[in-house]
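S.K.: Sequence:
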Amino acid sequence: MYSTTVSDVGTVRANNQDSSFAGEYLVAVCDGMGGHAGGDTASTIAVRSLAHIEQAHAEGDVARATHVMVASVLAAHDAIVGKARRERKLAGMGTTVTAISLAAGYWIITHIGDSRAYLLRNGKLLRLTNDHSYVQHLIDTKRITEAEGRNHPQRNVVMRVLGDFDIDAHPDVGLRRAHAGDRLLLCSDGLYGVLGDATLKETLEHFTDPQECAQHLVAMALRAGSTDNVTAVIADAVVALPHAAAQPDRAQTPLIGGAASQNLAAIADIIDMPVASAPALTEGKSSPAQRAAALNKADSADHGDEPEAPEPQRIAQPSQVREHNDERAADQDTGEIPVVRKSDGRLTADPNDPDVVEAIHHEQLQQKKDARSRRSRHRIIGAIIAAVLVIGAVVGGWCAYAWSQSQYYLAPNDGKVTIYQGVPTNLFGLELSHPVRTTNLKVNELPGEWQDRLASGITVNSYEDAVDHSQFIAEQLEQWKAKQSKDSNKKSSTSSDSSKHESSKSDNKSSDSKSAGATEVTLETITGGRF
Numbered sequence: 001m002y003s004t005t006v007s008d009v010g011t012v013r014a015n016n017q018d019s020s021f022a023g024e025y026l027v028a029v030c031d032g033m034g035g036h037a038g039g040d041t042a043s044t045i046a047v048r049s050l051a052h053i054e055q056a057h058a059e060g061d062v063a064r065a066t067h068v069m070v071a072s073v074l075a076a077h078d079a080i081v082g083k084a085r086r087e088r089k090l091a092g093m094g095t096t097v098t099a100i101s102l103a104a105g106y107w108i109i110t111h112i113g114d115s116r117a118y119l120l121r122n123g124k125l126l127r128l129t130n131d132h133s134y135v136q137h138l139i140d141t142k143r144i145t146e147a148e149g150r151n152h153p154q155r156n157v158v159m160r161v162l163g164d165f166d167i168d169a170h171p172d173v174g175l176r177r178a179h180a181g182d183r184l185l186l187c188s189d190g191l192y193g194v195l196g197d198a199t200l201k202e203t204l205e206h207f208t209d210p211q212e213c214a215q216h217l218v219a220m221a222l223r224a225g226s227t228d229n230v231t232a233v234i235a236d237a238v239v240a241l242p243h244a245a246a247q248p249d250r251a252q253t254p255l256i257g258g259a260a261s262q263n264l265a266a267i268a269d270i271i272d273m274p275v276a277s278a279p280a281l282t283e284g285k286s287s288p289a290q291r292a293a294a295l296n297k298a299d300s301a302d303h304g305d306e307p308e309a310p311e312p313q314r315i316a317q318p319s320q321v322r323e324h325n326d327e328r329a330a331d332q333d334t335g336e337i338p339v340v341r342k343s344d345g346r347l348t349a350d351p352n353d354p355d356v357v358e359a360i361h362h363e364q365l366q367q368k369k370d371a372r373s374r375r376s377r378h379r380i381i382g383a384i385i386a387a388v389l390v391i392g393a394v395v396g397g398w399c400a401y402a403w404s405q406s407q408y409y410l411a412p413n414d415g416k417v418t419i420y421q422g423v424p425t426n427l428f429g430l431e432l433s434h435p436v437r438t439t440n441l442k443v444n445e446l447p448g449e450w451q452d453r454l455a456s457g458i459t460v461n462s463y464e465d466a467v468d469h470s471q472f473i474a475e476q477l478e479q480w481k482a483k484q485s486k487d488s489n490k491k492s493s494t495s496s497d498s499s500k501h502e503s504s505k506s507d508n509k510s511s512d513s514k515s516a517g518a519t520e521v522t523l524e525t526i527t528g529g530r531f
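The numbering of the sequence shown is this note's numbering, which starts it at 1 and goes up by one.
Bear in mind the hints are in silico, worked out from the structure with no lab data behind them.
It is possible that part of the hints are untrue.
To be verified - The calculated label-pair distances, taken between Cβ atoms and stated as ranges, are:
1. 176 - 85: 16 to 22 Å
2. 373 - 165: 37 to 43 Å
3. 373 - 179: 28 to 34 Å
4. 391 - 165: 33 to 39 Å
5. 179 - 282: 48 to 54 Å
6. 394 - 442: 30 to 36 Å
7. 442 - 492: 34 to 40 Å
8. 144 - 313: 41 to 47 Å
9. 427 - 157: 54 to 60 Å
10. 179 - 154: 34 to 40 Å
Said to hold, decoys possible - Restricting the straight-line Cα-Cα distance to at most 25 Å, the calculated cross-link-like pairs of lysine-lysine (DSS-like) are:
11. 83 - 486
12. 89 - 369
13. 369 - 483
Using N, Cα and C, we set each Cβ at its ideal position, and we do this for glycine too.
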């Protein structure tokens, strides 16, 4: 087949999480999810896990080719899980996988997620895949219609994907005999979500050139308001030319689109042949939506109405050619199936190849060994930290206790003023003070103010200060008693003088009464004498 692909970041997203592959024997679309880095990584791993099929397709053996397709998808799942475990920031990443390979005159369709594959044959557009989405489930159970599903608020909820979570990773598999003239369309939901089947059919029929058709489909999706990454792969089944094997110049260079195109050398090594990045979207780049996206990304109005220059295509050669040309090898640490060099110098990443299986097993053993080493280090570090904490607690406790024993205070004990060493508190039931000297001062003989202060403890700086303070209390008590005695004597004297004064007043009063009585007698006598 002759195929091509176009993948565009769109007008809303900051990065392209879709990945695509367009070759002679394999086409694939993978729509990544899981954040800025996770979606890129997951879709890239999936494409790299499938890429070896382009070179190692099983001609004449459909059963084996089908097994290889499924095994490659499951290997991608294992690689995604391993990558997420090694890099916690990638936890929760996943990707859809919709891939079709051509083997022995059959289309082998492998699918998981909500990307889609269509077949245009004899003027009819057939949908080859069934979405693993919540909305598709509602449509299949007749709860909503296709038209209602297009605007359903949960249309982006995917029920099965290839990811690092507990979801069945086995893909749907289908077979369909290939006919010359068949045209395949593989696309992400950013395209079919805004373009109806009628539009897809009309466009696929109208444009005979696959690249022109892919460009037009992606551009239409963006103009229709797609808010997602948009990816399309177009593949046309052609009749093999006579002596095609003797004419390698006629072979198609596989095209890699989206996130997977960031490291073309890794895929070139997997299939051991040159690969190229997908052509950039050129049609519709000066549309209002595209200009708005360019302004948002640049955070500047300097772009004006000028269309953004498309990124030029890049080509990567396999390692043998790079080494011959003294080119620096690209970084292949992507966490997917290891690339193994065979004894004949050929590179392969076929998960069914015994050398690849052995390499995967060795890598898993090394990962387990590294995990055990990390756990041992963590246990040792934990034990050291615990020991340091215990020692710190003991030393800190001892220092606190030593400091407390340098303190003194006065408080009541059995009714007497007592000097204590320590501080008036306890720690987990351990008293941090004890009496060292009991004075003869009775607490109940002290003034109320001193009793209150002693009840809460009178803190001093040293034992000598405590003794001095107890002597001061004794002196204060003597002065207080002397004052009390003096006040009592004065009160008694005042009371005696008052009694004498009252007695004198009483005598005077009695004398006055007698005089008055005499007067009264006299007056009465006089009065009686007159009358």
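S.K.: For every hint, state whether the structure bears it out.
M.R.: Hints versus structure:
Roughly 37 Å separates the CB atoms of residue 176 and residue 85, a value that falls outside the hinted 16 to 22 Å. In this structure, residue 373 and residue 165 break the distance hint of 37 to 43 Å, their C-beta atoms being roughly 27 Å apart. Roughly 56 Å separates the CB atoms of residue 373 and residue 179, a value that falls outside the hinted 28 to 34 Å. At roughly 43 Å, the beta-carbon separation of residue 391 and residue 165 lies outside the given 33 to 39 Å, and the hint is violated.
Roughly 31 Å separates the CB atoms of residue 179 and residue 282, a value that falls outside the hinted 48 to 54 Å. The supplied range of 30 to 36 Å is broken by residue 394 and residue 442, whose beta-carbon atoms lie about 42 Å from each other. Our hint of 34 to 40 Å for residue 442 and residue 492 is violated, since their Cβ atoms are close to 26 Å apart. The beta-carbon spacing between residue 144 and residue 313, approximately 43 Å, falls within the hinted interval of 41 to 47 Å.
Between residue 427 and residue 157 the C-beta distance comes to about 57 Å, which sits within the given range of 54 to 60 Å. With their beta carbons about 38 Å apart, residue 179 and residue 154 fall inside the hinted range of 34 to 40 Å. About 96 Å separates the Cα atoms of residue 83 and residue 486, which puts this hinted pair outside 25 Å; it is violated. Restraint check: the Cα-Cα separation between residue 89 and residue 369 comes to about 22 Å, which is no more than 25 Å; the hinted pair holds.
For the hint linking residue 369 to residue 483, the alpha-carbon distance of about 90 Å lies beyond 25 Å, and the restraint is violated.
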